[in-house]
Structures are given as structure tokens and as C-alpha cells.
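If you want the building blocks of each chain, they are given just below.
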Amino acid sequence: MSEIKRLTQIPVLVAAIGLGSACVAGSAFGSSGGDDVLVLKVGKILTMNADDDVINNGTIVVRGTTIAEIGKWGEVDVPAGADVIEMTDCWLVPGLVEAHNHTGGSMSDLHDYVYLTNPGLRTLDTVAPQTPDVEWAQSGGVTSALLIPGSGTNMSGFGTVVKFAGKSADEAVLKFPASIKIAQAGNPEGYWWGVGRMFMNYNLRATLEQAREYNAAWEQYESGQSETKPLFNPMWDDFRGLYRREFVASVHTQIYQVVMTTVDMLADKLAIRTVLDHSTFDGWKTARLVTEQGDILTMNGPRQFHFDRTQRKIHGNAARWWQSGIRRLGVNTDAPVIPQHELSYQGAMACWYGWTPYEALRGITRVSSEALMVDDRIGSIEVGKDADVCIWSGDPIDPRSTCWIMVINGDVVRDARDELRRF
Amino acid sequence: MLTTLMSLGRRLIEIRRFVVLSMFFRHVRVLPLLGAALSDGSRGMRFRVRSTVGSMVAAVMAVGFVSFMPTGFAQQPESAASGPPPAKVALTGGRIIPVVGPEIATGTIVVEHGRITAVGPTDEVKIPYDAMEVDVSGKVVMPGMIDPQSWRGLDVSNENLPVAPFLDVYDAIDPSRLYFEDALRDGVLAIHVIQADNCVIGGLSRVVKPIGLTPDEMTIAAQNGIKMSITPKRGFDRMRQLTTLRETFAELDWYLEQLAEQKYEESLEEKEKKIDVGPAEARERGKDLIKDEDYDDKHANLMRLRRGDFGAWIFCGAAMDVQPGITLATDEGFLDNAVFILGAEAHKAVTQLKAAGRPVLLPGNLYYRERDQLTGELKEVFIPSEIHDAGLMFALQPNPGGSLAEAYLNYQAAMCVRNGIPRQTALEAITINPATMMGVGDELGSIEPGKIANLVVMSGDPFDFESWVELCYIDGILAYDRARDYRLEKQLELEATRAEQAKAEEDATKGKPDDDDGDDSAEEGDEATSEGASAEGSSEEGDGDGDGDGSGESGDTGGGDQ
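These protein sequence lines map, in sequence, to chains L and S. Counting in the working numbering, the first sequence runs from 1 upward without gaps. Counting in the working numbering, the second sequence runs from 1 upward without gaps.
All the given hints hold, so there is nothing to weed out.
Distance condition first, Cα-Cα at most 25 Å in a straight line; then the derived SDA-like pairs of lysine to any residue:
1. Lys-139(S) with Val-99(S)
2. Lys-298(S) with Val-195(L)
3. Lys-269(L) with Gly-212(S)
4. Lys-291(S) with Asn-203(L)
5. Lys-139(S) with Thr-425(S)
6. Lys-490(S) with Arg-309(L)
7. Lys-167(L) with Arg-63(L)
8. Lys-269(L) with Ala-221(S)
Hints listed in this document are in silico derivations from the structure and should not be mistaken for laboratory results. In this text, all values refer to a predicted model and were calculated from it rather than measured experimentally.
Using the sequences provided together with the hints, build the complete structure.
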């Protein structure tokens, strides 16, 4: 059954039956906001919870915006009047969470090259729920993403976690500030010709230490250790959450020396909760340091392999990290470098180069939401969590699978069964 | 293509030899006196030696190495039998060149917990009952050689800032550089990592050993020196260069005055007094109130330089740069901690250098050649002889941009002996002298009780170019074993294959009727090729930061990611 043939089938319900698709739509779907009840009945639920529970032939009940009940068919009461979507050969998985996305605003909003470190900037100003990027994300089952500025400078601003739903920026934002974007090397060199890692690291450290001192001064004042009220500074004030470890540094870092410096400077010496974004090339060789540090998450990619010229070998980056003992591991697309809807393909590629599908899927759901420190809300299918889930035709890491239904905050925001365009 | 990728990918999964990085201190790696294997060091063989530069690069690129080790790190799979390295080791039966003190024909060195505790003739030294004995009979043991300055472990040799004394090479050392692995293979067990000469004032340097996953693990001594250049930085002329140097220190004086005045005023405020003296007096009174933490980054290291906390490594590319360098160091009070780094022509200022009496670091190319423009007469000076005759302490550095052989410190020293410098002086120039110049002369550079156990075991005399580095001990731990140098093994295999091919081709040519002519032309052809290869090798090495190790590819990492 070719893709083209599928595309030409209208209407979709007819198409689904006509093609012998196992995904049979039940009653009408639609907006179920407010206190409405939505019931999803599927063949398999990958909860991605801490126990890695898999529920075969399961049902979830969504009340309002959160998940109210999870169980096997028949064990869960379907409330009268609920909207029911029944796709009994399909998989229900948490909405995918992208840890590294640049689709806020337009491409001209990517960088501000005023300084080599720009602690005053924030992507909150670039949240754009109206862009086509949202549809792209939805088509790939990606429900949330961290919007961050580019890596043209060593520090480019604060990131924002958004959901790919909502008509205004306010509705879309899940967390702000959600990260400070840092690029330790491998792009900022182009900002000011001649700048090397020695100066970049010095300068970045100096900026972060200034922010840390600001936080320390306020903490002393607030705890009564000091009676001098520090001068309020809106720019440094955004960093207080960073030093309270309420949000992370998302670090553009790759190749051995740079990842090593990230671990040493940010995670160890400055005690910042650190996420290694990219972490490509031979960055995985720092695994011992990352393991010893103990509190770092790794969001690998989008380059999923590295050709080592001295060894004449191709290494799968994610596989190498995993084999080196790194467990809190995920992948990213760097959208739009790799289109946002291809997040699951990045997972597939990581598997092609030696990783395993379940770990890859966990890496773009639960682990990536942990990396963004929003795992209390999203990243797994658990009672009380946001109803951000997707119904897939099969394993999302299998490139043949389609994301048919996307639910965000309990609303069906996309139903691919009646759409002609595939991404 | 796809099939190839797929099979590679699958093979990766199967590879079991996953090396635990934390184990790597226990294991060992290796080095090439690649040229040494193939040359007797004589001039006649020079071309052949040179040709190996190109092929060595090719070998590094072309050969598949053991998986999983960071480049520059050893690659021994963990064996079930390996435990922690022994705390006590005794090297017995070798000829010992302690550098400080007379040679010992058959001696024993005892190492305990990383330090040398005894050295002497085998029949006089008692080996502790719990020391592991390593028989090095027939071999020669010398102290680890020292590279007195290198920026090849850095991502860029210099930052673009003319005056940057607040920087530290710590932030840019890349332990995964092949350079460090090569150093180990060459018996260079301490490296002074310092910025290059394209600066006015550079950042702080560091003495490292060539093993370790991080600069912290590699560090022997931190903040050892600061680079400054009298020869103009790119884009500067001499007047601007020297003005910038003077300005930097004049600004430091001004800053100190302001700081002193401020400190004095602050002390008054605390006592609720009013300012009672003029600025000049306030500055005088405030001087002693300044504490170390009061200096800002920009000035702190300049103050420490004046105070003698670390050395000034002053580059004088030309003879005319020497006197201004001495004057600056004298005026600013750091002459006693100065090391003069000489460019090719700078030896002509030997009189001034002698008057200053400070140690000098010689250029990589030890010969200075100058042609008379009118007569065409070529004058050749062997620089170390000039410096030695003046009675100055000097250190040698490798010349990676020159011939292959010049990249080895022991070859550089051997060249000194060939030119009439005493053997002892030549040995000191690659061991104890650089250690002294870096301020670690009491820790490194000789085999004496109390010193760090950095030892090189060679197959023969270090000045015999057929000698190999067999074993290296760093902190008393076996850090290199030629028998387990996988990369070297592959390189040599490649060399052997090539030699066989060349011989086969030669034999085939001999079989032809125009026997004699064929031979001659083949020889000439070889030579031409050799020259080409050497030029290529030079440019590869000459850019200062091109290790071609696959990890320094920030250029590649550039454009794609946003």
C-alpha cells in the first residue's frame, strides 16, 4: 500500500476501512476542552513511567487537561457522554519532547550578535504559535519543545518550553525560563574572528560568575546573613533559578575537549544543572567524566554518527554514549536544521547506528522532559500528568509508523486521518 | 555505500573491546621513532627519513586503529589480570643516565608512590621487598624528556587579543590531541603548554604530562609562565609592539595607584574619618592595604609576574628584539624570572644575552644560514655552539616544521654533540635545563631521589638514532610500552609493506635490458618524491594547530548547528 495511494483516498474513514487499516475510528472526535472527557482505547500503551510499564489493550481516560485513569480494556469505566477514540491496533505513547529547537520567531531572530555573551535575551519574545513549524511538529508526534536561541555566541539567551498547541504565546508556554543557552565552542568563533577557546571559556566563566555572585548576594540578604539589600538587576535576576537548579543550561557542545570543558566548568565548578546538547563527534569519549559528575543529561544529535579519521571507523554517537554507561540519554533534531517532525527519525537513526528502540523512545519522551525539568507535567503517561499523548500506527521509532492523533492538554489538536498532507 | 554503512553499523554493535576510560592509566601506549627505524641518521639517508613524514601522516589517516580510545589515549583492552598499578617498582640492570651525576653502567632505580627513592649501582641498591622488579638489562634509562614550549595541544595557537594576561591555557588544552600521544611515544614526558608568539602578552602556561582525560589530570604545575613577544604580533610593527608593552605596564602602575588610593579611603570610612591627606600620600598609605583579591583579572597576573610568581617567556625573533626585551624585563622587575626564546637570527645578540645571564630557548632549526647578497657566499652558524660558548644555559625544542628527525628532542641534542657541544650539556638541554627554566627543576629533569619518577627506557643510547623508546614511566606508572603500541605497529606494517613494494618494483626494473640507466633514473625519481613528501609534511605540521587528529574539527562543527 503505497503512500501515494493512501494520500488519494477520500474520505478518510472510507480510506481507513478500504485499505484494511487496523486503525478504526470510533465515535466522533473533536475538541474536548474544559471538563470534557476523552477516552482513548488502543492496542498498546507505552507509559514511559519509571517502571517502564507497558499496557496491552489499554484505555486511558482524560478529564479536562489531565490523565484521570489508565487501565486495560474493561477495567476502566468509560463515562457516559465521553468522546471515545478507538484504534485498537495502534499504540498510545507520550507526546515527544524536543530538547533543542530553534523555530521561535523567524530565522533572523536566531542570534543577537551584540556581545559574545548575551545574558539579557530570552526566547519568550519569539514564541509563535501561528507558524507552520507547529504543524510540522504535530505531524511528527512532537507535543513540546524547548525553544532556544542559536549558537553564534557563547551565551545567547534564555530558552522557553512550549507546547505545540494554543492560539497565543501565553497558552503555548509551559515553562520559562527553562534553560540558558550556552555554546562553548564550534560556532561562536565566527562571531569575532580570532577568538579561541581560551578566551571564550574565560569570558563565559566570567559572565556566569557575575550571575552567581548576584544570586549569592541576594541569598545572603534573604536569609538574613546580610543586611545590605543588593541592587536589583533584571538581567542577572533571571539567573537566580539557574543557581537554584530550577532550570538547566542547554549547552551546544561537541568534540572531546569542549564536552570535557562543559562538564568541568558548568556542571562541576559552577554547579549548574547541565544538559549536553549535540554532544557529537568524539564527545562520547568523555563518558567517564560525565558518569563521575553524575548529574548531567545528554541530548545527542542531530548528527547521529561520527567518522573517526584516525581510527577509520564510524561510531554511532548515541550507541557509544550508551555503551559507555550514560543512561540519561536522548536525541534532538536541532529543528529546523533537521525538521521538527523528524525527531523520531533521529531516534531511528541512533538505532541504525547501534542504539536500541525502546531506549531511543524513552530518550525523546521521559528523558528529554527530565532534561528540561518538566517531567512533573509531561513525558510519560501517568495519572495526573498533562494529557499530551499521541496515537501512532506502531512504534514511533519505526520510520514506517504514522502519528494519527495528537492530544495536547486533553484536546485533539490534530487528526491525521482526515488530512491530505503528510510531512 | 548504504550496505557499507550498514555493515559498519552492525559491526560496531558487535565490538566487545570497549575500553573503560578510567583504566587507561594502567595501560600503555606508544610512540614512533618512525624515522629511527628506517634511518641511520646520516645525511645520506636523510631523504628517506623525510619521505616518512608524508607516509606517517598517511598511516595515521589510513590505518584502522583499535576502536574506542580517544585519539591520544592508549588502546589496550582491559585484561582480566590487570590490577591497580604497583606502588613500588624497581628498574634493574639498565645503564642509567641520571643527567645530574655520573652515568651508572649497571644500575637500579627504585620508585615508590610515584617518586624516585633510590638510584645507584645494582649491587648497592636494596630493593624493597614489596617492589615489583622490572628487568631492563641491556637498555638505557634516562629522565623523561621535556618539551619546553608547545601550543600544539591548544585549539588555536594564539587568541586575537594583543594583551591577554588574564587567560590560561587550561581553558584550551585538548587532551585528545594526537600530539600528546606522540609526545609519549617520543619519550617526552613533560610539556610546557604555552601560547605561541603571535601576541604582545599571552595567557598563563602550564606544565603537563601527556596522559590524562582532563587538563587537571595532566597538570604537573599550573600557572608556570606567561608569554610575551618583543617581535611584532601580526598586524603590528615594532614601535607599536613596544609601545603596547610599555603602555600595559604603565597602565598597571596607574591602576595600582588608583587602587591604593581607594583602599586608603575605604580604610578611613571604616574608622569614620575624613580624608586627611593629598592623593599622593593616600596612594602611598594605601599600598600596603591592597590584598591579592583586590586585583581585577586584567592586572592580577601582571602583578604576580612582577612579584616573581612565575616566569616571563620572552620571544625575540630577531637580534634587534633582544635588548628591548632585556630592558623591559629589567625595568619591570622580572628579569630574574625571564627566559628568552630566540628566533633564528636572535643569536647574533649573544653579547647582550650573556650580559643578561638568563637561560635561553633555542629555535627548532638549529642552523642559521645567511647568504651574502653580493658574493653569494653562504655562512652557516650552529646556534647552540654560539650560546654554549657564551656560557648560557639553554634548552632545545623539537622542530616539527623541519625534517622528521628534528621533531625528536634526542635528535636535536645529538646534533649538538655532532657539532662539538659536550654530551652532558646536550643531555641537560632536553631534561634538567627546561625543567629549571619552568621552575620545576627540583621535581623533574633528572634521576635523583625525591624527584617525580618520569623515566624513559630506551633500547640503546638516546643519541644513537637507532634507539627506540621502549618504556615510559610517568609518576612511577608504566604509561607506555612499545610492545603494546598498536598505532605504531600499524604504521610500521605499512612502512614494511611499502618497502617490500619498492623492492619488488626495483627488482622488476632490474630485470629489464637497459639495466644501469633504469636504476639511476629510478633513484632520482625516488628522491624527487621524497622532497615532495617532506614539503607536504612540513605544511601539515607548520600551522601549529593542525594535528589532524579528527577531534579538532571545530570548523566542521561550525556551520551546521544552530
